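Peer 1: Take a look at the letters that make up each chain.
There are 2 protein chains.
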Amino acid sequence: MIRTIAFDADDTLWPNERHFRSAEAFFRDLMSAYHDAEWIQERLFATEMRNLAHFGYGVKSFVLSMIETAIELSEGQIQGRDIQRLVDLGRDMLAHPVEPLPHVQAALAELQSDYRLMLITKGDLLDQRAKLARSGLDAYFPIVEVVPEKDVPTYRDIIQRHGLAPETFLMVGNSVKSDILPVLALGARAVHIPCPDTWIYEHVDDVDATAFATLEHLGLLKAWLEKEAAPPQSAQN
Amino acid sequence: MIRTIAFDADDTLWPNERHFRSAEAFFRDLMSAYHDAEWIQERLFATEMRNLAHFGYGVKSFVLSMIETAIELSEGQIQGRDIQRLVDLGRDMLAHPVEPLPHVQAALAELQSDYRLMLITKGDLLDQRAKLARSGLDAYFPIVEVVPEKDVPTYRDIIQRHGLAPETFLMVGNSVKSDILPVLALGARAVHIPCPDTWIYEHVDDVDATAFATLEHLGLLKAWLEKEAAPPQSAQN
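These protein sequence lines map, in sequence, to chains A and B. Throughout the first sequence, residue numbering follows my numbering, covering 1 to 237 in sequence. Throughout the second sequence, residue numbering follows my numbering, covering 1 to 237 in sequence.
No lab work stands behind these hints: they were computed from the structure. A quick note: this is a predicted structure, and the numbers were derived from the prediction, not measured. Glycine included, every Cβ here is placed at the ideal spot set by N, Cα and C. It is possible that part of the hints are untrue.
Quick look at which bits of chain A chain B covers, simulated, 3 or more residues with Cβ under 8 Å [said to hold, decoys possible]: (1) 30–42; (2) 76–87; (3) 182–189.
Distance windows between CB atoms, simulated [what the hints assert, rightly or not]: (4) A:G187 <-> B:F45: 33 to 39 Å; (5) A:W224 <-> B:E167: 45 to 51 Å; (6) B:R81 <-> A:A46: 17 to 23 Å; (7) B:R161 <-> A:L220: 31 to 37 Å; (8) B:A25 <-> A:R50: 34 to 40 Å; (9) B:Y34 <-> A:V207: 50 to 56 Å; (10) A:G76 <-> B:W224: 25 to 31 Å; (11) B:M1 <-> A:G187: 36 to 42 Å; (12) A:H96 <-> B:A33: 34 to 40 Å; (13) A:V207 <-> B:F20: 42 to 48 Å; (14) A:D138 <-> B:F20: 30 to 36 Å.
Anything over 12 Å on all C-beta distances counts as not near chain A; from chain B, calculated [what the hints assert, rightly or not]: (15) S32; (16) G58; (17) I78; (18) L101; (19) P182; (20) P196; (21) H217.
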């Protein structure tokens, strides 16, 4: 019986990757005098991967990776005003409105009376807290965990720290790698809600798609819970 | 009677500001062709203050502020390789060894059997977690809170969330603004351990220094606790 439902934030509750995709388009355009689009994108991704261990996830890390890639691709010829445009782009990304995805608000409002809701997100602490506040969804989440990495030790720690039994814990998110597989490994439940924008870094090959449920959107979660994870009293009916 | 002791991290458990001070010296040197040292420092501080609401605390935010200031002070003439040196400087700052300050390790080892120890720090989540791991002090802290801002609502939330009575809670730190005043406002206790490097942003004027204790170093905390905040059984002796 599920008692706690934890939600991923970016691209599960509100759009996020699309802002990075459009920032990348801006970056490819800015650097188009130096290289072709495909090579620019490839070098940016390589810089991001190299920087992940140093700078972590989030907009500030992404801006630093764009700046480094711009210097590399221009062989140091990039102009100060163009670097400034990348910093400004980051500031804009951090300030953009946070609109919940369709069905999200209604689903949370419906679920909050029967389940303890939790938000588990990786990324930049200040940025994630600010987005939650701007989304207007903060009242639904008595527990908010901003973690450096969403892996098995992180989920184990959260489940233990809040005194939960894994079989009563459900994670809902758009990333098979971060939201689904580590949770299943702990004996807890997971529901995948795919997002077309999912970052290539989050892609996983050879997934056993029968091991977890996939729903089209959050509005379908309540019906899934009633069918697949019915509370004990339903069994008595 | 104090049961929980929370510690600030940067410049309370390990040196931090001195790394920023030496990064600033590097920056003033890098920009010395354009302006004099005092003006460079003043503009950098102004950029940092302007960026705090957007980028928050921490090394990544500091690097972005150095880059913006460099572009401003050079009127866009700064070279790509010099911008790269600022990014590299940030990566170095994030990787530097974390050596506990004198007396810290022994004090924590002594206190951990009688008190629940907690770490409360603001800054970048990944950076702070990584520093705690590198310091070797992580085993002393069953509870670690990395918060976006250390103000009254933040401390109230932490105290409530962990089910603590304010009068049993002691905060220890080097910043009067962040570690002492908001804690006293909640009816909890606070001990100030000054650090000569404290960031100018953390300076507070007109403090009533009789409202809290000031100790020279953490090795003096146990004796202070025995004298000033003795457990009830001492009163019976």
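Peer 1: Of the hints given before, which are not true for this structure?
Peer 2: 1, 3, 4, 8, 10, 16, 17
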